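Chains A, B, C and D supply the protein sequences, listed in that same order.
Under my numbering, the first sequence has 471 at position 349, and the numbering climbs by one with no breaks.
Under my numbering, the second sequence has 150 at position 28, and the numbering climbs by one with no breaks.
Under my numbering, the third sequence has 369 at position 247, and the numbering climbs by one with no breaks.
Under my numbering, the fourth sequence has 260 at position 138, and the numbering climbs by one with no breaks.
These aren't lab readings, by the way, just hints derived from the structure by calculation.
Treat the hints with care, as some may be off.
Pairs involving identical chains hold if they fit within one copy or between any two copies, as the list cannot separate such chains.
What the hints assert, rightly or not - List time: in silico EDC-like cross-link candidates among lysine to aspartate or glutamate, alpha-carbon distance up to 20 Å:
| hint | residue 1 | residue 2 |
| --- | --- | --- |
| 1 | K431 | E283 |
| 2 | K296 | E314 |
| 3 | K448 | D395 |
| 4 | K181 | D271 |
| 5 | K220 | E268 |
| 6 | K325 | D395 |
| 7 | K181 | D158 |
| 8 | K439 | D158 |
| 9 | K296 | D395 |
| 10 | K431 | D185 |
| 11 | K398 | D416 |
| 12 | K296 | E442 |
| 13 | K439 | E393 |
| 14 | K448 | E385 |
| 15 | K181 | D437 |
| 16 | K431 | E385 |
| 17 | K325 | D185 |
| 18 | K398 | D437 |
| 19 | K434 | E385 |
| 20 | K448 | D167 |
Source: prediction; values computed, not measured.
Protein chains: 4
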Amino acid sequence: MFNSFGSLYRITSFGESHGEGIGVVIDGCPAGLKLDFPFIQAELDRRKPGQSRITTQRKENDDFQLFSGHLDGMTTGTPLGFWVPNTNARSGDYSHIKDMYRPSHADYTYDAKYGIRDFRGGGRSSARETIARVIGGAVAKLLLREISDIAIEGWVESVHELKMTGLPEVPFPKLETDFQQAVRCPDPEMAEQMYHLIDSMRKDGNSVGGVIRCRARNMPAGLGEPIYDKLEARLGSAMLSINATKGFEIGSGFGGTSMTGYEHNDLFVNENDQIKTTSNRSGGVQGGISNGADLDFRVAFKPTATIMKDQKSVDAKGNEVIVEGKGRHDPCVVPRAVPIVEGMCAMVLADFMLLQRTRRVR
Amino acid sequence: MFNSFGSLYRITSFGESHGEGIGVVIDGCPAGLKLDFPFIQAELDRRKPGQSRITTQRKENDDFQLFSGHLDGMTTGTPLGFWVPNTNARSGDYSHIKDMYRPSHADYTYDAKYGIRDFRGGGRSSARETIARVIGGAVAKLLLREISDIAIEGWVESVHELKMTGLPEVPFPKLETDFQQAVRCPDPEMAEQMYHLIDSMRKDGNSVGGVIRCRARNMPAGLGEPIYDKLEARLGSAMLSINATKGFEIGSGFGGTSMTGYEHNDLFVNENDQIKTTSNRSGGVQGGISNGADLDFRVAFKPTATIMKDQKSVDAKGNEVIVEGKGRHDPCVVPRAVPIVEGMCAMVLADFMLLQRTRRVR
Amino acid sequence: MFNSFGSLYRITSFGESHGEGIGVVIDGCPAGLKLDFPFIQAELDRRKPGQSRITTQRKENDDFQLFSGHLDGMTTGTPLGFWVPNTNARSGDYSHIKDMYRPSHADYTYDAKYGIRDFRGGGRSSARETIARVIGGAVAKLLLREISDIAIEGWVESVHELKMTGLPEVPFPKLETDFQQAVRCPDPEMAEQMYHLIDSMRKDGNSVGGVIRCRARNMPAGLGEPIYDKLEARLGSAMLSINATKGFEIGSGFGGTSMTGYEHNDLFVNENDQIKTTSNRSGGVQGGISNGADLDFRVAFKPTATIMKDQKSVDAKGNEVIVEGKGRHDPCVVPRAVPIVEGMCAMVLADFMLLQRTRRVR
Amino acid sequence: MFNSFGSLYRITSFGESHGEGIGVVIDGCPAGLKLDFPFIQAELDRRKPGQSRITTQRKENDDFQLFSGHLDGMTTGTPLGFWVPNTNARSGDYSHIKDMYRPSHADYTYDAKYGIRDFRGGGRSSARETIARVIGGAVAKLLLREISDIAIEGWVESVHELKMTGLPEVPFPKLETDFQQAVRCPDPEMAEQMYHLIDSMRKDGNSVGGVIRCRARNMPAGLGEPIYDKLEARLGSAMLSINATKGFEIGSGFGGTSMTGYEHNDLFVNENDQIKTTSNRSGGVQGGISNGADLDFRVAFKPTATIMKDQKSVDAKGNEVIVEGKGRHDPCVVPRAVPIVEGMCAMVLADFMLLQRTRRVR
């Protein structure tokens, strides 16, 4: 509830965009896990601002500190306290919107809920909070490596109307070109087009949305907790708690609603003494439990609300105002959101792996 | 976790399709709520099988009993224990699939997870469990009536490729024709087409999916609990825990990903001293908190996995088998799922209404 | 929270003294556990009223029904729904106290909390609710039998000022005399004295309190979840949630406060390659985690508030009234509370056994 | 669970004795609370080491930093992240016990549970973790001030066999003499005797235990959540999670077991149109819910396990060893534990105050 996520593998996060920094406590991580610090930093680097011309120009290294929970890099079973200081917050940038409600931001709703709001950089509603998710996800990935073969791979499937079709190679290919790296789309031609579209939005002070697709390969069957904590329910909750998301679908998703059952059903076959399906419209989940096929889901991100254009709005007293577009902005959040989506997925799967240890007498 | 849903207003359900019945305990319902028993039964009647030619012909009245938690129909603050006996379970119908894995059912995954499975009618994975959701939702609606003006209204927006456009009247119109009632689509012409499509699927032993759209009007601003229990996250989790769902979107959803920020942002205006938005691409939620606009979301349901056609599959030993299509089936679940979607939405909102009482010092 | 207890092995209970009955849902019980129905009934029989002359004369068999969660007596991993109907509730007995507040009962506090109260037999505050605990505990004992060697044994250590000294034999001896059986004290002479004291209280319409001591033998080291869910914290919470309890101590308890550290510390020794302690003032717990020694704790029960004597009190309007002592009453609750204490202990240990499966990478 | 405490007002703590410091996240604190920073520091000062000759000579100021959750000292409803760095940890002091199990410490049990242990200063099992409880409690006290008249007052009732009788004045008197301040016992003569006893133990390298008694005055009726989250159950859990506690009793406690019901029952009277009791053997709780009388409970603390004497023990391989008594130690923990007991009580009451807002329809 509130600022904690997960049952057994659980994070609790704190911190605001323009406060001291972002912290996250990981509780329930099993003892005896070797922490790969460079990996955790590398995951943060995939999320950090200022990576390329098409992300916000706020420059921060997002270096993490680990305050507790380990002995020489080995987890002890006690809570891991991570901390990432804010180093490039410019609160002054926000004084002009102190009393204004920016369109499609959380300014108005935080005021309506709490009666007070930290206006500096969106406060707690800022996407800077996702640092906590990436750290929690990075440690979950390390745990999954130790206790499973699961590999989680996210990519940008679409930006605005530019859409990559099909699935990337297995295992996931290196993103080789600068465009691929900047956009995180494995299709090189599509990546280039996406890059130019986002860059044109940036120049125009506008923004675009997109879709991230994510798969988890080498899934064991049996993960997920019916009835109310089905795998897709927990995953959906995880994804829809990320800033700017407006939709989630698994397997055939909305598209599958225009199929018939005879077309849609995934048939079971025996493949070298393993039970497999010949198709994966289920997206790896049946009855809320993984079936061993690849977990396959999509997350929709709206175009960033922060744009460099003047917009009509009101202030806290209800007066009409013009919200000026100025400051720094991300013309498209999806490239930076890939490690966030993967991280949330990793935490869900790590939690369910632990829970599954308790679901049979032996 | 597992078979409980909600934080303060919480249900815990039990029971299987072909066991004794379905039970649900509602804990955390505030004291002093007058229970409208005919309303609760009416909600169950909207879900019950055998309502029309296009639903499963399993005939059950789904009459509920209330075992505890009230004094002469007034809640006492102690848990409400509801019970709906199974009266028309034909377990014999399932002996032929005892060891088989029906395609896109939960047979294989329950075995993989638990090492044992109640094969009769799908056991716990059966949609009969949704009785618990409808009861929990009906009581939540009664609570919302007392403590808010919120009105929750769901309808069938699409079946296969037949799609109603636009929004229904405010307040929601009576479903007048037999077709409208059977299909729960407020557009009379579309309802008739949908009816015939579903009926043709029924005759063919096939099935179709569809989309339910739901709105909540007269929403207060301030509901939802960032960061990990945002309104859309909890709603998404609620919906994706319903049988046969494959997707959830709120407001502009997946469609919104192909807009620009300038097009997508909802502008605030002052309307008779109330802060409103001129559009609702946010679907009533900003930053995970309701903004007072209508909550507006969609849920995708796959075509029913149970079809009256023979399909290839394997048994528990990996042998190839033919799963014969026989018994009773629902050619399209969306009409009966409308009260389930509404009920889950009502529980989420009731819970957040209670939580919001605790989020300010005064 | 509220009417649920436990993390992974979790019960949710409902029902009142003079309503339809008492129900309990056990969620999180692992799949593949053979349910020993006669054992569950035998545990209920140890708690049931009317067992002997020194318990309340309300006569009920407390026969249970199991509605869900098993296939031919084997748990399936889905929730177990148990139900025990009330068969000898005489609500008429309570009409005279409908608006009165009985001294040291929950009448006044339920009114103060909820603004409404089910006055019949104490409603939800009645000890009849402990049926749920005994059932939950019985299944937990069955689970512990399968996954550990833990043996849980409670007994009456004192009634009023009559106190048994020392520990009973290992394994726990059969209670052979009628006095032992009625009182549940393994010391035959003390049992006889306790019996006569309680019987004299019964004749006088008065009541007495007492202490239950409980041990768990063959404990594995490692159970308990610091920092806030230490073994003694969870056990204490479990015991103090039982009706009429006023105190809990583990190991040396309050008596240990008048020792010095040098006297109190339990020394470790190597006993046949097992690490043991030469004394057990810790009561089997160090740092909130079991150390392999016997778990050893005590629970204080106040004298029953219901007595057959007239007492001054007030009614809901603040008028002075005389609460007449009439009806049926238990002159001392501790004999019947032994299976309740054991049951709560079993649930705590079962939960921690499951949690411990998740606390190491391997 | 694990390192979180509370339902709506919830803390999550992290950090070890000899790591970087101790952190605590307070989630669920309502928005709009003015934080009194000097008060929070003063509470920490009541707990800090080195206060007087009779506490450990580890010298640390325990200055806190607040990283998030407020705007100019006013809570915003988002999580408060507090941090207290360790400034005087001497890890070298512990190298000699790296592989040894100190008697009645958590060394062995942490190894048994996690397979790894941070041996430096007891790691997570150190009482240094109680900093988190004091901070969480201090903020809870500030909240209670705003939303209630509740006043929480703890004191040392006994040290070894020295016991203060009766209750202190109302309101709680200033601790005027140095002895009173050092020992936190309001009886000046008893305080002096206690002081000298503790000091003699210090010189002898031994330790003693004691009892803290705590009351909460001006309690509203209605706090506590039956059946499993009764006020005494949650309080008991809170207290028994504190290091070195072995017992908890409320009201008449263990002593009450040797009374009869007629003697023990608290009679209700009408006092100026308020319903009061003429005695308080209930300790302010009936049926798990506060009745408006003073909450009155006791907590037993064992003598500190760390002593400056050589003791026999074993190492991790089972070899016999001598644990040498050296380093710094607290000859009696109860004086420093008073603010911890009060703080845990404050958190329980703040949580139940918030919960009670949700337990009636209006």
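Consistency of the hints with the structure:
For a Cα distance limit of 20 Å, the shortest separation of K431 from E283 qualifies neither inside one copy, at 22 Å, nor across copies, at 39 Å. When the C-alpha separation of K296 and E314 is checked against a cutoff of 20 Å, the pair qualifies only within one copy, where the shortest distance is 16 Å, while the shortest distance between copies is 52 Å. When the C-alpha separation of K448 and D395 is checked against a cutoff of 20 Å, the pair qualifies neither within a copy, at 61 Å, nor between copies, at 28 Å. In this assembly of identical chains, K181 and D271 lie within 20 Å of each other by CA distance neither inside one copy nor across copies; the values are 35 Å within and 46 Å between.
In the homo-oligomer, the alpha carbons of K220 and E268 never lie at most 20 Å apart, since the shortest distance is 47 Å inside one protomer and 27 Å across protomers. Within a single copy, K325 and D395 get their C-alpha atoms no closer than 56 Å, and across copies no closer than 37 Å, so neither meets the 20 Å cut-off. Proximity of K181 to D158 under the C-alpha cut-off of 20 Å is found in neither arrangement, the shortest distances being 25 Å within a copy and 35 Å between copies. Taking the shortest Cα distances, K439 and D158 never come within 20 Å of each other, neither inside one copy (51 Å) nor across copies (29 Å).
Proximity of K296 and D395 under a CA criterion of 20 Å is satisfied in neither setting, with 32 Å inside one chain copy and 53 Å between copies. Taking the shortest alpha-carbon separations for K431 and D185, neither the intra-copy value of 32 Å nor the inter-copy value of 45 Å comes in at or below 20 Å. For the identical chains of this complex, K398 and D416 are intra-copy neighbours only, at 11 Å inside a copy versus 43 Å across copies, given an alpha-carbon limit of 20 Å. Proximity of K296 to E442 under the C-alpha cut-off of 20 Å is found in neither arrangement, the shortest distances being 50 Å within a copy and 39 Å between copies.
Proximity of K439 to E393 under the C-alpha cut-off of 20 Å is restricted to the inter-copy arrangement: shortest distance 12 Å between copies versus 67 Å within a copy. For a Cα distance limit of 20 Å, the shortest separation of K448 from E385 across copies, 18 Å, qualifies, whereas the shortest one inside one copy, 51 Å, does not. In this assembly of identical chains, the alpha carbons of K181 and D437 never lie at most 20 Å apart, being 30 Å within a copy and 51 Å across copies at closest. Taking the shortest alpha-carbon separations for K431 and E385, only the inter-copy value of 12 Å comes in at or below 20 Å, while the best intra-copy value is 47 Å.
Taking the closest pair of Cα atoms, K325 and D185 never come within 20 Å of each other, the shortest separation being 30 Å inside a single copy and 48 Å across copies. Taking the shortest Cα distances, K398 and D437 sit within 20 Å of each other only across copies (12 Å), while inside one copy they are farther apart (58 Å). When the C-alpha separation of K434 and E385 is checked against a cutoff of 20 Å, the pair qualifies only between copies, where the shortest distance is 13 Å, while the shortest distance within a copy is 49 Å. In the homo-oligomer, the alpha carbons of K448 and D167 never lie at most 20 Å apart, since the shortest distance is 26 Å inside one protomer and 46 Å across protomers.
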